[in-house]
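Start from the sequences, fold in the hints, and give me the full structure.
Listed in order, the protein sequences are those of chains A and B. The working numbering numbers the first residue of the first sequence as 278 and each following residue consecutively. The working numbering numbers the first residue of the second sequence as 278 and each following residue consecutively.
A few of these clues could be false.
You can't tell identical chains apart in this list, so a pair holds if it fits in one copy or across any two.
As the list claims (entries may be wrong) - Keeping only pairs whose Cα atoms sit at most 27 Å apart, straight-line, the calculated BS3-like set for lysine-lysine is: (1) 490 x 592; (2) 626 x 616; (3) 603 x 301; (4) 381 x 430; (5) 502 x 430; (6) 393 x 616; (7) 393 x 381; (8) 381 x 603.
Bear in mind the hints are in silico, worked out from the structure with no lab data behind them.
There are 2 protein chains.
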Amino acid sequence: MKFKIKRIELLNALNKVNKAVSSKSPLPILTGIKFDLQEDQLILTGSDADLTIQTTIDTQENILDVEEIGQVVLNSRYISEIVRKIDSDFITFSILDGSLTQIKGENSEFNLNGSKSIDYPTIDLSKTGTHLTLHSMTIKAFIEQTIFATSDKETRPILTGVNFKASGHQMQCIATDSYRLSKKVIDLMQEDVSFNITIPAKSLNEISKIIDKNEDVDLYISDRKVLFVFDHLVIQTRLIDGAFPDTSRLIPTEFAHKLTINTRDILNAIDRASLFSSEMNNIIKLEMDADHVLLTSSSQEIGSVEEDLSSGFYKGQPLNISFSAKYAANAIRATRSQKIVIEFTGEMKPFVLHDMEESDLLQLVLPVRTY
Amino acid sequence: MKFKIKRIELLNALNKVNKAVSSKSPLPILTGIKFDLQEDQLILTGSDADLTIQTTIDTQENILDVEEIGQVVLNSRYISEIVRKIDSDFITFSILDGSLTQIKGENSEFNLNGSKSIDYPTIDLSKTGTHLTLHSMTIKAFIEQTIFATSDKETRPILTGVNFKASGHQMQCIATDSYRLSKKVIDLMQEDVSFNITIPAKSLNEISKIIDKNEDVDLYISDRKVLFVFDHLVIQTRLIDGAFPDTSRLIPTEFAHKLTINTRDILNAIDRASLFSSEMNNIIKLEMDADHVLLTSSSQEIGSVEEDLSSGFYKGQPLNISFSAKYAANAIRATRSQKIVIEFTGEMKPFVLHDMEESDLLQLVLPVRTY
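Structural data, given as structure tokens:
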């Protein structure tokens with residue numbers, strides 16, 4: 278293997294495939310990035326077995342100049358640091374002996390011990406299964422607006438992912454940790470597809486971080502994996518096995534109380550009201566009647582906070598309801614709206630919140646009993 | 278105690294006194310800030326017993342409006358967060374009952390449990406001892422240029438501080454962890470003073486962070502403490518007991534080898550050469566002769582690096598010398614010079630480095646034996 282490459286192109290490519298690499302992989306070879314140099318392109322692959330990211334750089338004058346094809350696996354941390362820090366516009370790679378790879382810039386020469394590519398697991402990245410095209414920003418939005426509601430506990434693995442269910446030109450994205458729920462509905466323009474899959478939150482998080490351009494993304498959905506294909510990139514993630522719980526009965530449809538409020542006002546009030554509470558137990562209380570909307574919290578040890586939210590508009594019988602400050606703030610932020618509507622059915626019943634237009638996004642939070 | 282204060286003034290004052298407060302103080306009252314409200318000023322004090330910082334805000338229209346004098350101690354973390362996050366230009370403080378303090382903004386009301394000021398230790402901040410005036414930027418510079426060479430090990434407490442020795446219109450500032458040494462000499466303009474004290478690195482670090490303006494600082498040096506007085510601030514630190522070792526014999530005065538090199542070139546090369554080395558054992562080697570200056574390092578497991586530093590100018594017999602990448606980089610950076618001179622006496626002898634003018638700052642590094 279021998280080639281010369283523009284530093285900045287390689288650096289960008291490495292930054293992308295690195296997102297799939299875990300430095301603590303139980304399989305040592307997966308702490309590396311596979312370099313597969315062909316006549317017309319360099320293919321870089323990173324994987325942690327669950328998530329695989331592959332990108333290609335095409336042979337082109339002043340970008341990539343291939344002298345001798347070949348393969349090698351190089352430790353992801355070292356190769357990234359070298360390419361980031363080397364003081365040279367172009368870098369040459371050549372295998373010296375076995376998998377010892379020489380990486381040369383203007384004044385720097387690194388000899389990095391690599392691994393043989395034959396030891397790298399074979400990963401099938403074929404574009405099979407149900408095909409679907411979505412805009413990159415649609416994907417980024419539904420990930421960011423639901424992912425925080427997934428569970429971080431491995432006791433029910435299915436809840437550590439976001440569920441995607443498509444049928445009749447619509448796709449529902451749902452995440453829940455059983456204390457709160459985020460639901461986003463997306464209209465599928467052309468396609469009439471049908472699937473019901475759950476993608477790990479960790480994979481979605483990395484995908485959302487990689488998306489930065491306005492472009493179409495091709496999805497290929499099969500039983501055990503999904504492929505996201507765009508812009509010289511292939512991202513493949515495994516799916517979570519098992520049936521996602523039916524949450525449709527959880528979401529109330531009739532409400533007796535309604536609070537309309539400026540998003541920034543309530544977010545700032547929540548932030549202050551949770552100052553005296555610990556990360557573990559950040560419970561705050563809304564006290565609402567015709568004349569007042571108050572957000573309060575108290576800790577016997579530290580003291581109490583009272584926030585006046587009279588800028589909000591409340592309709593309904595007086596109601597006091599306690600809930601997690603963090604869950605409420607996550608849900609409110611996800612609406613991405615200047616004003617929100619919170620609807621309640623009772624003191625111990627889940628409440629829902631959404632923007633003024635009752636849009637395609639719904640957030641549900643369970644209250645907490647306080648004594 | 279009752280007063281109204283401009284939020285931003287109080288926030289700035291709290292940010293300063295907070296630097297002396299440790300949230301893990303063995304004396305719980307020291308996790309608080311003492312508010313001492315007098316007719317004409319509010320005095321805020323924070324301390325961790327070693328370092329004490331006190332600042333005052335004067336009574337003034339639209340800054341501080343005193344209604345009823347008094348004292349209270351408020352938890353530093355909570356009061357700072359409240360003042361940072363409260364959405365109001367002015368804040369009123371009033372003691373409700375005992376030391377329960379009400380803190381009120383436009384729409385927010387906090388009731389914070391405080392402590393009685395009588396439980397706060399009495400700290401003597403009297404301006405006694407040898408008096409000295411130094412410019413704030415002189416102080417900031419000698420701290421930043423020496424402090425990194427102090428020891429972080431408690432086995433020899435005296436080495437965890439910077440030694441200041443004054444006599445004959447000169448002050449020497451020396452820090453060493455016995456593997457390297459930083460020495461800065463300062464001319465004292467008017468004063469003919471004499472002292473020999475060692476200030477804890479931790480205190481100096483906080484003092485350097487607080488200094489941000491060009492101004493004169495008054496120092497009051499006594500046997501067990503030093504006071505820094507400037508801009509409504511009094512900072513007092515304890516001194517480290519014991520005699521600082523005599524380091525004058527350590528510093529070589531005659532050299533057989535000399536390398537003159539661009540600071541950025543060698544710093545970048547050191548950075549790259551230490552890519553393959555661990556934090557614990559980041560040893561690099563300079564190989565110098567009439568034709569070449571090379572910086573190399575290698576790790577059997579990972580690989581090797583060779584940096585060509587031929588942009589430097591070397592004079593002397595061929596020499597190979599190994600040393601800590603981190604110690605060398607710290608010392609080079611401290612010169613704050615575009616070009617540096619490194620002078621050697623031999624392979625296993627300490628080497629010194631300084632800027633081109635052989636200025637008031639000298640850095641010494643011990644080499645490391647490699648096999």
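Right, here's what the structure says about each hint:
1. 490 x 592: neither (43 Å within a copy, 54 Å between copies)
2. 626 x 616: Cα proximity of residue 626 and residue 616: one copy only (23 Å, versus 70 Å across).
3. 603 x 301: between (30 Å within a copy, 26 Å between copies)
4. 381 x 430: neither (45 Å within a copy, 40 Å between copies)
5. 502 x 430: For residue 502 and residue 430, the Cα distance is within 27 Å only inside one copy (22 Å; across copies 52 Å).
6. 393 x 616: neither (57 Å within a copy, 44 Å between copies)
7. 393 x 381: This pair counts as within: shortest intra-copy Cα distance 20 Å, inter-copy 67 Å.
8. 381 x 603: between (50 Å within a copy, 24 Å between copies)
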